[in-house]
Amino acid sequence: MSLAIAGMGWVTPLGTGVDPVWKRLLQGEEASVTTISEKLTDAVYSVFRVPDSALKGISHPRLRRASAISRFAAAAGLNALESAGLKPGSQNAERIAVIFAISNGGVTYTKRFYQEIVGTGAQAASPLLFPETVFNAPASHLAAILGVTGATYTLVGDGAVGLAAITMAEELMQNEALDYCLVVGTEEIDWLLCDAYRRWRLLRLAPPIEPFSRQNRGMILSEGAGAIVLARDGFVTIERAHPGGYFRKRAEAEKILKNILCDLSKVEIDLAISSANGTFIDQAESQAFHEVVPNALVYTGKPALGESVGAGGLWQIILAAQALCSKEMPPVLHAGHAVGLRLSLSRTPITSARRAIVLSCGLNQQAAGLRLAIQ
Amino acid sequence: MAQGNKREITNDPARVAVTAAGVVSPLGFGLGETLESLRSARDCVTPVMRFSVTQCRCKTAGQVSDSRLLASHAQIRRSERLHRASHMMIQALQELVTQQPDFEPELTVVGTTSGGMSYGERYYRSLNGAGDLRHAPTWISNYPSQKPVIDAQTVFGISAPCQVIANACASGTNAVGHAFECIRSGRYQRVLTGGYDALAEMVFIGFDSLQASTPEKCRPFDRHRSGMVLGEGAAVLALENLDFARERGAPVLAEIIGYGISTDNFHITQPEPSGIGARQAMERALESADISAAAVDYINAHGTATVFNDATEGKAISALFNGVAVSSTKSMMGHSLGAAGAIEAVVCLLALQHQFLPANINFTNPDDGVDFNIVANKSRPAAVDITLSNSFGFGGTNASLLMRKFEA
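These protein sequence lines are chains S and F, in that order. For reference, each letter of the first sequence is one residue, going 1 to 375 in my numbering. For reference, each letter of the second sequence is one residue, going 376 to 783 in my numbering.
If we strip away everything but chain S, and leave its shape as in the complex, we get:
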């Protein structure tokens, strides 16, 4: 069964709104970097943050105490529904499913909650903060704002979780009692995450993200949300969502990526939206693209937007859909010379492009892919 994209929305460090951000990407813009510190140590990290202006106008009683991750999700979700011309209400509340893709979750409130326990003791623990630490808090806030009374799911995983959520949407939409599925990927930044990824040797201290370079210098974390409304008909279709797989070791990532690409490339592929982010992922994806879809024009948005983990997969799908619809590919920023890859190194017209592959390789062993097509 193929599903179609009926609406899209995103909140990114380059702003909000699919078309305005896309325009900035086409112009080769990169998000502004800010630094983030913490009393615990002297370590300072660079991040791409969502500008405050991106959340202007997003208010609801359910979001009063909610953390950034829930606000990003609400903004992107409402944006996507609006672009789909869909107004949830009592008539269709059961016919819309909501699926969230999350990796690290509400880490800022989680840290604050635990900080109080460690610093002062269990009696200082805040009953207001605790519920916001739960993975499905952002999904429950958005479901409440929309009045959705049917299925609401939160999937957790690594950078591939966004694509896993699309697969799950396909599974849910097998039931014809559902008309739409709103898939939202969301993530927020905290110093603790930067420190954790740095200790895991995946983060670099300052931009740029240099995709496909000979050395894996690391990524820069970012935040935001991406949302897609899936329906049964539409101009851009998800022709095939591969359920993905996992690799035991980083060195085995290439193998699973090739398997996914082989499955998705049984028809001619024009574009490939990569998840290359300056880490081991780049080498694995580069090899897989080179061997399986050598003629596809490859793009990664991570140097411009940062690595937003749970939101990243949804951003990739939006990039692919925008490229197919607008017939242009933005330039890959700070790219090295990747042998055997057709990289979109400048703003590139793609007038005859009809199909794109989105490939997501996560940092924690998961991988997934899907194929988009335009009518």
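FYI, nobody ran anything at the bench for these hints, they're computed from the structure. For each residue, glycine too, the CB sits at the ideal point set by N, CA and C. Each hint can be trusted.
Beta-carbon label-pair distances, calculated as ranges:
#1 F:Glu591 / S:Thr120: 19 to 29 Å
#2 F:Arg456 / S:Leu40: 22 to 32 Å
#3 S:Gly121 / F:Ser440: 24 to 34 Å
Now the stretches of chain F that chain S is said to cover, found in silico as 3 or more residues with beta-carbon under 8 Å:
#4 525 to 535
#5 540 to 551
#6 569 to 581
#7 764 to 770
Starting from the known structure of chain S, fit chain F onto it as the hints suggest.
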């Protein structure tokens, strides 16, 4: 997935068999020990020793023995680095694989709430000056929620992609229910499903801060109930297209026949007081199975023993069912959050296989307005053909699962 509307699947939906299961919980290691604990209505809640609870109201939980877990997996490479949650998943999957060595799932769907949270706690405490950060990369790499699932699959050579559902306390039932729907729709033939959660300080204190946990015994549906106790564990089930399972000669332990999900949007930590969310989940499960409420013989309730949950769930059950047998087995083992729905699916499986009703222990006085038959304090033999298992979670997420005794 059962929505409010009746199913409109054009082709006949596939029947879904449970062909193997594995469990580890405070009730015991494996189906045998679990059955024995259930039959003897054993109270498996013990004082918490894993972290300090001196400032907490509640000082007890249902806990899985570390020494037994680690001893079982000593042969696994670098097993000492794995999180307890990984060990629990390995333990449960080992039992399943022993029953069905040929089971090769196309998909894995597992529920959790906390992943490797205690490793996150260690990392934070070490950053705060209380430990050695040399082990931080191990803690960080073992923290993600999908890691215990991948660890267990790796040990047994299972390569299926995994979906990890984190729908708070409904996660386990959501996982089993979604796996059921994946096979029922014909999209998959074999799905591995389940849930896991390991006790963590932060979560324990979180529930304590909400005054949801009790300093006393856990007394679901009792008039004098005062809250929940936490638990931990893991359970997995092998689900297969029934025809496919019979073709390959796999034993069918039971059938899953219905699943309902609802979202009540009332409050992030409290259920809608009328019980509408719980009621919709149960109604949708019944619609999905195309059976009447009267056909259900036993309900394994969510039954956390909090004032709010049991009042709303009690109302919903009383409104839909007439004198059905109900128990909350959380009274014996605590609430294992993301694992609970999967463990309770195994409890229902055992009730169907061995024809008995598991007990609701620590029960003295029925609550007002509750009109059902509590299986008070002792398990009892009964003819059990159909069971219903409820799980409700933070965020107003509700799930119900129907299982039927298999008649060849």
